[in-house]
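Protein sequences, first through last, are from chains L and W.
At position 275 of the first sequence the residue is numbered 275 (the working numbering), and the sequence of numbers has no breaks.
At position 60 of the second sequence the residue is numbered 1060 (the working numbering), and the sequence of numbers has no breaks.
Because the hints were derived from the structure by calculation, they are not lab data.
The beta-carbon is built from N, C-alpha and C at its ideal position, and this holds for glycine as well.
Worth double-checking, as some hints may not be accurate.
As the list claims (entries may be wrong) - Footprint (simulated), chain L over chain W, 3 or more residues, beta carbon under 8 Å:
| no. | stretch |
| --- | --- |
| 1 | 1085-1091 |
| 2 | 1129-1137 |
To be verified - Here are some, though not all, of the chain L residues that point toward chain W, as calculated from beta-carbon distances under 7 Å:
| no. | residue |
| --- | --- |
| 3 | 15 |
| 4 | 42 |
| 5 | 45 |
| 6 | 79 |
| 7 | 80 |
| 8 | 81 |
| 9 | 88 |
| 10 | 173 |
| 11 | 177 |
| 12 | 179 |
| 13 | 456 |
These are the residues of each chain, in order.
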Amino acid sequence: MKKILAITSCPNGIAHTYMAAENLQKAAKKLDVEMKVETQGSIGVENEFTAQEIEEADGIIIAADKGVDKSRFANKVLLETGVQDGIRKPEELIQQILDGKVSVFKGEMKSVDEHKKEMKSKQNPIYKHLMNGVSYMIPFVVVGGLLIALALAIGGTPTESGLQIEEGSIWETILDVGAAAFGFMVPILAGFIAMSIADRPGLAPGMIGGFIAANGSFYGSPEAGAGFLGGIAAGFIAGYIAKWIKSWNVPKMIQPIMPILVIPLLASIGVAVIFIFVIGAPIAGIFNGLTTWLAGMQGTSAIVLAIILGAMIAFDMGGPVNKVAFMFGAAMVAEGNIGIMGPIAVAICIPPLGMGLATLLNKRKYEKPEQEGGKAALAMGMVGITEGAIPFAAKDPLRVIPSLMVGSIVGAVIAMLAGVGNNVPHGGPVVAAFGAINGVVMFFVAIIIGTLVTAFMVNALKKNVAQ
Amino acid sequence: MKLTDLTSIGLIDTELNGSTRDEIIDELIEKLDAEGALKSKRKFKKAILKREKEGSTGIGFSIAIPHGKSKAVESPKVAFGIKREGVDWNSMDGDPAKLVFMIAVPEESAGNEHLKILQMLSRKLMDETFREQLVNVGSAEEALGLLGEIE
């Protein structure tokens, strides 16, 4: 005799639940099937199935107008329908199972996946676009960072204007290739953010916008572009402009040239105008303002200065704020004051070292590419390439950037208090290897403590990622 | 507990006057109210209509069971009415309802014996012979006698 289980349930659980149960039982008797009905009514669950009953059942019918937990029925033949069908056509339901017309319920594994997919589609779209940009940017940062690191570490000589590489040497070529890869960093980030927003027509305007963002000469700030934060802004602006143009109703004749001509052209012009005239000028202003402000900070408390410099270095990693702090330190070196560049050299390497250490300490908080990026970040940190932390910061700025800033501030303050000096406008342990550091021990102490602070803080703030 | 503990002669009407679903709902609510089962007719009617909106309680087999679980109910009661010509209840099979059971259940109440009795009523109504007998009763007393079988 075939064994079938059924669950009946209705909104109030007063009448329909039991009518359906009654009729299913009657129908089963008629069809010579063994039937047990679990009623989920206002009395509560009655006649609950045992695990063995479920195991032995040839099929399960759920006749309910109310949510019923199906997790018990993974890999069972499962027919779901309304409670009315249980009352009206119980024989048909049973017959469907007997005829093998009902499929097997794949179980909660599938529904968990579906749930995740649902979550992803509901996920904050801003974050999704950002993620897309960052994932394409990571290889550029890694390649560029590692090549530059290699060239500087082996081919570099410390001078008053930074680590210099002999002209015409193989190291110069390697440095240039690395710099080329770095040059793509912000445009790629912006381009793929825009592409995530507006599909393919968004790519060109995004990359062009990103290039403008990265090159301050477009908007009267030749010393410093807008960095990766500017690139993020450019990507979103370009993407949303392109998406908006896409939504226009255009004559059929023009439609074919929309994605390759009209949208990219108009969106590129749009993002260029906005960036150059609306965003660029304030960035140039910030750059000049900060420079003047920082110059005026000379003579204030050394600790306050160290806090400010540490925060600025880590804030945008190669962006205008970072550049201002770095150039201030470099100017001081040129004037013979090496006590400012010391703390800066510490602050420079803490973001990539801190993030690299963070990925090693807790893998669950970082996706695979990020874990790889973390190792590259460690290498970049050793030679003072702050940009190694950018992929992490771009992806999750609100948690990462404050952690980087706090770590760099701590490192810079320790170095300042210990009187660490640096003759070369460059950062990271590599400078010590060149013998440019006064107070090497405290230099490393400051780096290690700052790195630990960043790593623990960011891991405390970050959530686990879904693997 | 028996079904007769939840109903009484006063709650049974073998000749309903109303000719529409809403008229009959009002008629049976009056009966429940007259027997002191309700705190608020208006609120109980709201609960009844809300349930009908979620899906008609005209389940076919000439039966409708408008029911409401509400704070407006003083004590659990069942009113029963017969409309031999039938009344449209938007039922699943399209057949008019002839036997109308109106069930009033308090939102919260001690014990669930009344729910068990209502469960027995629901199950019993799936019995064709029982339905035949009910439609053909000559008086409220006779109907009450039949319902008394449910325990």
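Evaluation of the provided hints:
{"no.": "1", "hint": "1085-1091", "verdict": "violated (count 0)"}
{"no.": "2", "hint": "1129-1137", "verdict": "violated (count 0)"}
{"no.": "3", "hint": "15", "verdict": "holds, 4 Å"}
{"no.": "4", "hint": "42", "verdict": "holds, 5 Å"}
{"no.": "5", "hint": "45", "verdict": "violated, 12 Å"}
{"no.": "6", "hint": "79", "verdict": "violated, 18 Å"}
{"no.": "7", "hint": "80", "verdict": "violated, 16 Å"}
{"no.": "8", "hint": "81", "verdict": "violated, 13 Å"}
{"no.": "9", "hint": "88", "verdict": "holds, 6 Å"}
{"no.": "10", "hint": "173", "verdict": "violated, 75 Å"}
{"no.": "11", "hint": "177", "verdict": "violated, 69 Å"}
{"no.": "12", "hint": "179", "verdict": "violated, 68 Å"}
{"no.": "13", "hint": "456", "verdict": "violated, 51 Å"}
Of the hints listed earlier, those the structure fails to meet are numbers 1, 2, 5, 6, 7, 8, 10, 11, 12, 13, in rising order.
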